[in-house]
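In my numbering, the protein residues as written are 128 to 536.
Each hint should be verified, as a subset may be incorrect.
What the hints assert, rightly or not - Below, in silico cross-link-like pairs of lysine-lysine (PhoX-like), each with a Cα-Cα straight-line distance of 25 Å or less: (1) K499 x K327; (2) K462 x K361; (3) K319 x K165; (4) K342 x K133; (5) K462 x K429; (6) K426 x K416; (7) K202 x K499; (8) K327 x K426; (9) K361 x K416.
To be clear, the hints were calculated from the coordinates, so they are not data collected in a lab.
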Amino acid sequence: MSTSAKTYDVIILGAGASGLMCAITAAQRGRRVLVLEKANKVGKKILMSGGGRCNFTNHFVEADNFISANPHFCKAALNRYTQWDFIGMVERYNIPYEERRHSQLFCLNSAKDILNMLLEECAGAGAEIRTHSELVSIAPCQVDIAGSSRYQLTVNQQDTEQEFHCQSFVVASGALSIPTLGGSGVGYDIAKQFGLALTKRHAGLVPFMFSDAMKQFCEKLAGLALEVELSTNKVSFTENILFTHRGISGPAALQISNYWDPGDVITVNILPGINAADWLVNAKHSQAKSLLRSVLSHKLAKGLVAELQWLWWHEQADKPMGEFSDKQLIGIGEKLNNWQLKPSGTEGYRTAEVTRGGVDTAGISSKTMEAKDQAGLYFIGEVVDVTGWLGGFNFQWAWSSGYSAGLVV
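Can you make the complete structure from the sequences, with help from the hints?
Here is the structure:
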């Protein structure tokens, strides 16, 4: 180990969205900032997000777009650094972007534009970034050794251990989602070490899997997308779902996964905005000689209709609509509007876009992100129990929480 420790005002663990924003903000205040990243390059999650286009924020951001044990916690940071502040930075760099459905903002060219912007801001402010740097340990400094420094860190840098001291230590390490991009639980370990509580964690914004007959149903339709209303636990989203070889994905499935717990049922309305029972009974009189699958194929993909026919009316597959009783059609219509499915689980952290839950906000200042009972220790971004919807909200939380901490570290 190096005998002489290097000292910084601020050391940030993690060079993702929140860590880079914190580094920029602190360094612009004249603080000596070091960012430690264990991966071989920074911002991996930024680069892969939004299909490589980075859904960097949303035109409409409210506390209701976030899930937390304390739904009010996120408000202070979101108000301190808004979506308009980040959009302003993007526009200063002349990065072309577009607005998509539900007010989501994406880069027109590449997510690299966002990462390069953040790195240029870091360089301009003098923030130092080191990759291949893995935290081995962190402990409070001995006052007689470190003077004004509060923490001493041991860091493994390409098989060489070095010691660092800092006054403020910021945990921006992300969470458990997508371990191949660097997701880990190190931030939780640090929280526990210093006495902060954790809320229960789950994979969030994640596809569903099925193990029963529904798995085969999904396999046959893999690649098919359709707009549905998906509901669970009194929460609904109307968006596309995508059938996969394992189950269902797509925006509606990812959104509803944030509100789903193992064992819960999800309800699929295949014809949102249409009372399917009334529509089918009316169709019986106006299209009496037509087959039910033919009528449904005007609104749904033929492949989906064929699989639904096998599930719900295969014995009457070749019966004209006029020969169905109203009761039969009402029953099929109710299933179309209220299809009850029970996933066996989700695809887990391997493909989850976020981790739901995290460091309990009860132990953190909503204004500064500092641990209430541990001076100089901060938690920002995904490691905190604040989880956003799909649509740029998790990035906005990263920008806002990173900025809030950067103002005071």
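So, going through the hints one by one against the coordinates:
{"no.": "1", "hint": "K499 x K327", "in the structure": "holds, 20 Å"}
{"no.": "2", "hint": "K462 x K361", "in the structure": "holds, 18 Å"}
{"no.": "3", "hint": "K319 x K165", "in the structure": "holds, 20 Å"}
{"no.": "4", "hint": "K342 x K133", "in the structure": "violated, 55 Å"}
{"no.": "5", "hint": "K462 x K429", "in the structure": "holds, 17 Å"}
{"no.": "6", "hint": "K426 x K416", "in the structure": "holds, 18 Å"}
{"no.": "7", "hint": "K202 x K499", "in the structure": "holds, 18 Å"}
{"no.": "8", "hint": "K327 x K426", "in the structure": "violated, 41 Å"}
{"no.": "9", "hint": "K361 x K416", "in the structure": "violated, 40 Å"}
Checked against the numbered hints given earlier, the structure breaks hints 4, 8, 9 and satisfies all the rest.
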